[in-house]
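Number of protein chains: 2
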Amino acid sequence: MRAKPIAIKVILVEPAGALNLGSVARLCENFGVDELRLVAPRCDPDDPEAKRMAVRGAKFLKAAETFSCLLDAISDCRRVIATCGRIDHGTIPLNHPEEALPWLINTSKESPVALVFGREDRGLTNQELLLAQKVITIETSPQYPSLNLSHAVAVVLHELNRSQRDFSTSNPKDKLSHQPASPVELNECLEETKELLLRVGFLLDHTAEARMTKIRGLLQRAEIRPEEVAMIRGILRQIRWAIKTSHS
Amino acid sequence: MRAKPIAIKVILVEPAGALNLGSVARLCENFGVDELRLVAPRCDPDDPEAKRMAVRGAKFLKAAETFSCLLDAISDCRRVIATCGRIDHGTIPLNHPEEALPWLINTSKESPVALVFGREDRGLTNQELLLAQKVITIETSPQYPSLNLSHAVAVVLHELNRSQRDFSTSNPKDKLSHQPASPVELNECLEETKELLLRVGFLLDHTAEARMTKIRGLLQRAEIRPEEVAMIRGILRQIRWAIKTSHS
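So the protein sequences, as listed, match chains A and B. Sequential numbering of the first sequence, starting at 1, is according to the numbering used here. Sequential numbering of the second sequence, starting at 1, is according to the numbering used here.
These are computed hints drawn from the structure, not numbers from a lab. Where hints are given, some of them may not hold.
[Unchecked claim] Per the computed footprint, the stretches of chain A lying under chain B, defined by three or more beta-carbons under 8 Å from a beta-carbon of chain B, are:
#1 15-28
#2 128-141
#3 145-158
#4 198-206
#5 210-219
#6 235-243
[Said to hold, decoys possible] Derived contacts from chain A toward chain B, CB cut-off under 8 Å, selection only:
#7 32
#8 222
#9 228
Owing to the predicted nature of the structure, the values given are computational and were not obtained by experimental measurement. Note that beta-carbon positions come from the ideal geometry of N, C-alpha and C, so glycine has one too.
With the sequences and hints as input, model every part of the structure.
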């Protein structure tokens, strides 16, 4: 199907239900996922209910690494797709799975890629969604759109599998050659930006977060590249220098 | 989305797990299924575990009609698709869901259509498979192909939903509602950026054009919006002010 397997990390943020956790572990084995990662889980991977649901995916529970925040969990991943149950998300455009998932695996690089799923009750926060380059939503009935967590994982992994199947036929080269900046790089760059914007008075303490969210959304939509992150840091450095030297 | 709704019957043959039964009821509500039917169930739709998993799909459990054999359960359905986990089925050709499902709903008749799912452990018998016009299988990892029943239902209902969706009309709404900034607006913003970057020494006369091309490329990839152009101009204004006032 594909030339060489891309390591796919399935990341659950604060999963609360042991049944769900076990079900997702089974799906990881069903669909050839590389690793299951947990961010601040609210249930125990050792729970007998989780093991019961995992069946032959139990090894994913055993091996699951736990992280304290999403940024840490995706720090080695270049391409990240988050999932969102809500329709009205303003900052990052929502995609159908079949639109965004081919992008996730259309990469020749060795970096792993990540699929992020939120809490059973509240999904992912906007801050968490903004750590991904793309956000997908599964279309469901408006009467009751809320899918069970493991069903959302099933649909997305199936769609990814379908994308991999079609992958051999077409892959535009220019897309292959551009890797987005790593989440950590981008985060550092945004922190530096925030400092400067506070200093020049564009941001005030009470507006900082909302405005930085907008800037992050813009850069994520662009799938900003490492060399562009470097360019922005160069600009920030030069502006700081200009402010400083105009003092003297 | 579709002109007139086709009544979709989800039929479970001898389901044994109350958790699965409840999960499937939830999925029926998630995906606008018309009715859940049970053939000789080996668990009780009234089981508290089933209700717990069904959440807002509990009415499907309550309304579920029970039949003694599959033929009775599909007697009013014209088009029937059965699901099969095994790869080596000789008698009826296996289809990918996306190949067969459009056929299921591509009908002007008022007859309901049926999706049939087999037992958790053994699936459907060959006799049962032969009651359907088409048989679909979900591609999974050869290492562990066996999907949990409710995950198979999730994937198939999602695929059916995808088939029903007319791409031209139902792209996610927020993609449509965001207009990119006008070329003139963007151009003015980039001119202003260039002036400032020359002033702070990030651009030199001989590098200006190449670097501004990169910045423009980044913003174009993001399909920058009018309000984001305004934000950037606000940042530029504030930086100019900071440089100026630090003089005095």
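Here is how each hint holds up against the structure:
1. Chain B is given as covering the segment 15-28 of chain A, and this holds because 4 residues of the stretch bring a CB closer than 8 Å to a CB of that chain, at least three being needed.
2. With a threshold of 8 Å between beta carbons, the proposed coverage of the segment 128-141 of chain A by chain B holds, since 5 of its residues qualify and at least three are required.
3. Beta-carbon proximity to chain B at under 8 Å applies to 9 residues in the segment 145-158 of chain A; the threshold of 3 is reached and the given coverage holds.
4. Check result for the segment 198-206 of chain A against chain B: holds, 4 residues qualifying (beta carbon to beta carbon below 8 Å, three or more required).
5. As drawn, the segment 210-219 of chain A meets chain B at 5 residues by the rule of a beta-carbon pair under 8 Å; at three or more, the given contact holds.
6. Under a criterion of three residues with beta carbons nearer than 8 Å to beta carbons of chain B, the stated coverage of the segment 235-243 of chain A is upheld, 6 such residues being counted.
7. Here the hint on residue 32 of chain A is kept, as its CB sits about 4 Å from the closest CB of chain B, short of 8 Å.
8. For the restraint placing residue 222 of chain A at the interface with chain B, the shortest Cβ-Cβ distance is roughly 4 Å, inside the 8 Å limit, so the hint holds.
9. A distance limit of 8 Å between C-beta atoms decides the matter here; for residue 228 of chain A the minimum to chain B is near 5 Å, and the interface restraint holds.
Violated hints for the displayed structure: none, as all numbered hints are satisfied.
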